[in-house]
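Take these sequences, add in the hints, and give me the full structure.
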Amino acid sequence: MEMNFSLYTISGSIVKLFILMLIGYFLYQRKIVNDKFVDTLSLLLVRVVFPALIISKTITHFSFNEYAFWWFLPLTAVIFSGICILLGSLIYPFLKNFNSQKEFLCGSAFHNCGYLPMNLIFFSFTGLLADKLLIYTFLFIVGFNVLMWSIVPLFLSRGKSKISSASLLLNPPVLATVFSLGWVALMGKGSMPSILMDPIKQLGQAAFPLSMITLGAYLCRYRAHNPEHKTALAACSIIKLFIFPVIIFIIMKYVNLSIDYKFFLFLQSIMPTAVSLVVIGSYVNCDNKFLSSTIFYTHLVSIVSIPLWLILFGMFIK
63 MEMNFSLYTI
73 SGSIVKLFIL
83 MLIGYFLYQR
93 KIVNDKFVDT
103 LSLLLVRVVF
113 PALIISKTIT
123 HFSFNEYAFW
133 WFLPLTAVIF
143 SGICILLGSL
153 IYPFLKNFNS
163 QKEFLCGSAF
173 HNCGYLPMNL
183 IFFSFTGLLA
193 DKLLIYTFLF
203 IVGFNVLMWS
213 IVPLFLSRGK
223 SKISSASLLL
233 NPPVLATVFS
243 LGWVALMGKG
253 SMPSILMDPI
263 KQLGQAAFPL
273 SMITLGAYLC
283 RYRAHNPEHK
293 TALAACSIIK
303 LFIFPVIIFI
313 IMKYVNLSID
323 YKFFLFLQSI
333 MPTAVSLVVI
343 GSYVNCDNKF
353 LSSTIFYTHL
363 VSIVSIPLWL
373 ILFGMFIK
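Residue 63 is where the sequence shown starts when you use my numbering, and the numbers rise one by one after that.
The set of hints was computed from the structure by calculation and includes no laboratory data.
Quantities reported herein were computed from a predicted structural model and do not represent experimental measurements.
Not one of these hints is a red herring.
DSSO-like, lysine-lysine: derived pairs with alpha carbons at most 30 angstroms apart:
1. Lys263 to Lys194
2. Lys315 to Lys380
3. Lys315 to Lys194
4. Lys263 to Lys251
Between beta-carbon pairs, the in silico distance windows are:
5. Ile300 to Phe131: 25 to 35 angstroms
6. Pro261 to Val317: 36 to 46 angstroms
7. Leu374 to Leu258: 38 to 48 angstroms
8. Lys194 to Ile94: 36 to 46 angstroms
9. Met249 to Lys292: 47 to 57 angstroms
10. Ile94 to Leu148: 41 to 51 angstroms
11. Ala268 to Arg92: 19 to 29 angstroms
12. Leu216 to Phe99: 25 to 35 angstroms
13. Arg92 to Leu190: 39 to 49 angstroms
14. Val110 to Ile379: 33 to 43 angstroms
15. Thr188 to Arg92: 33 to 43 angstroms
16. Ile94 to Ile321: 46 to 56 angstroms
Ideal placement from N, C-alpha and C gives every residue a C-beta, glycine not left out.
If you want it as structure tokens, here you go:
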């Protein structure tokens, strides 16, 4: 498997993300948009745009028949998050004067598993290998979405949100995931008529730029560049960008898997904190300042950390 990664390729993908964030930051700073507008945009993402993305990607790309062990990657996504939650639980008691435990654990556990790895795959591979790695990404996202849009809202909202547990659990992204898998099971991959799929796909394509602009506005709103709890932020970043990658690196060194699976799983392990957390944080009214700072700084550090990890992978894992 030939890799075409370079510092320029990886940094470029992350810089594109920051440019979109900057637009949202500028709009909020200049008071072109206000708190009510940003919160409404966040709800639009959760209730309409993200479900459209899930439906379009799952029905278009996923098939139970083509991947006999399709469950392996969604299960791995759950295991990855579980390991990071355990790491966060071990480190959290050592943090003083910091009470946002749920936010700390989520910031440690959930990573940018979609946009960033997809861009790195797109720019670094071609042909059948690129298609295979992209399908791996979609399968991984299935497991990620089940946790991100069901367990995480319930977990973050305990004692904070007035929204019922049933409403949080059966939120639009979860319903979209269940609907999509059911559709594929009954009707098959790519079977939705274009008259329905095309507008759904167009809505889904708006997910990334809208979520980045929304995140940028939240970064300004919560002054993410100036975190209140620097020690907690550093601890969360170390778990996400160093400790967990070391664990997965060692496992990939000795586990009996094909090189494409090893590469994909290691790529997922070195990603920064998930952007979706700040949208969910707004939805359930949690400590969005800490989540925003974690997202901002882990993405900033990953401009350097991702290339370094991939160089080590190329040197030591075959």
